[in-house]
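Student: Just so you know, the protein sequences line up as chains A and B, in that order.
All residue numbers for the first sequence refer to the working numbering, where the first residue is 431 and numbers rise by one.
All residue numbers for the second sequence refer to the working numbering, where the first residue is 12 and numbers rise by one.
Each hint should be verified, as a subset may be incorrect.
Quick list of in silico lysine to aspartate or glutamate cross-link-like pairs, DMTMM-like style, CA-CA up to 20 Å [to be verified]:
#1 K53(B) <-> E444(A)
#2 K94(B) <-> E110(B)
#3 K53(B) <-> D469(A)
#4 K94(B) <-> E70(B)
#5 K53(B) <-> D482(A)
#6 K53(B) <-> D498(A)
#7 K89(B) <-> E55(B)
#8 K53(B) <-> E435(A)
#9 K539(A) <-> D512(A)
#10 K94(B) <-> D82(B)
#11 K53(B) <-> E96(B)
#12 K511(A) <-> E439(A)
#13 K539(A) <-> E435(A)
#14 K89(B) <-> E29(B)
#15 K53(B) <-> E70(B)
These aren't lab readings, by the way, just hints derived from the structure by calculation.
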Amino acid sequence: GQSLEQPSEVTAVEGAIVQINCTYQTSGFYGLSWYQQHDGGAPTFLSYNGLDGLEETGRFSSFLSRSDSYGYLLLQELQMKDSASYFCAVRGNQGGKLIFGQGTELSVKP
Amino acid sequence: EPEVTQTPSHQVTQMGQEVILRCVPISNHLYFYWYRQILGQKVEFLVSFYNNEISEKSEIFDDQFSVERPDGSNFTLKIRSTKLEDSAMYFCASVGNNEQFFGPGTRLTVL
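The following block holds chain A by itself, in its conformation from the complex (with noise of 0.2 Å):
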């Protein structure tokens, strides 16, 4: 089967620092994406690793060790307008089909 584990639910405060983790088991693998969802609104890409390491865009970086099946989507310096739905993918095959995680609710609280 294919499945994408992350914590339903984080909660972190204004200005700090938030870690999501992902493990993954899937029968194919192209690279992690993570992507951010507001309200039920359209998955806004964040970040797509397909080597091992950390990439950084600005306050988000992603990290990937495909030995372990894991990455990890870091938030810095927090802002009340990342509180989110963060979701991990795995693209599953070259066509690109991303297979996506349950999500995790992020509240950033003042």
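Let chain A serve as the given structure and place chain B on it in line with the hints.
Tutor: Below, chain B without anything else, positioned relative to chain A:
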């Protein structure tokens, strides 16, 4: 900045009716996808489309579903006979530079 567009934003239909959801992918993209998201659940892959044919479909994408690229810009998802459980957000996406760009979605409500 180019974006994926979808119409309508909200579609209400009676059970058993046919619906067509429309998408305009980003113009130079070659791979197109449909996903759905039932309220409160994860995003689920339905179908991928490349070179004017389906390249992969999920078990959700049964005979009631079909996709078409009728011209050089539109990409449509048709549900022939809607069921209550088809109520969901339907997202279209296209790929460029290792990034999958999603449209704003169509909220389908089946009564």
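Student: Run every hint past the structure and note whether it holds.
Tutor: Each hint tested on the structure:
1. K53(B) <-> E444(A): Status violated; Cα separation ~26 Å.
2. K94(B) <-> E110(B): 32 Å, violated
3. K53(B) <-> D469(A): At roughly 13 Å apart (the allowed maximum being 20 Å), D469(A) and K53(B) satisfy the hint.
4. K94(B) <-> E70(B): 16 Å, holds
5. K53(B) <-> D482(A): Violated: K53(B) and D482(A) sit about 25 Å apart, past 20 Å.
6. K53(B) <-> D498(A): 23 Å, violated
7. K89(B) <-> E55(B): Distance of about 17 Å is within 20 Å: holds.
8. K53(B) <-> E435(A): Holds, at roughly 12 Å.
9. K539(A) <-> D512(A): Judged against 20 Å, a Cα distance of about 10 Å means the pair holds.
10. K94(B) <-> D82(B): 28 Å, violated
11. K53(B) <-> E96(B): 15 Å, holds
12. K511(A) <-> E439(A): Within the cut-off at roughly 16 Å; holds.
13. K539(A) <-> E435(A): Answer violated: K539(A) to E435(A) is near 25 Å, above 20 Å.
14. K89(B) <-> E29(B): With a Cα-Cα distance of about 7 Å, the restraint between K89(B) and E29(B) holds, given a limit of 20 Å.
15. K53(B) <-> E70(B): Holds - the C-alpha atoms of E70(B) and K53(B) are around 16 Å apart, at most 20 Å.
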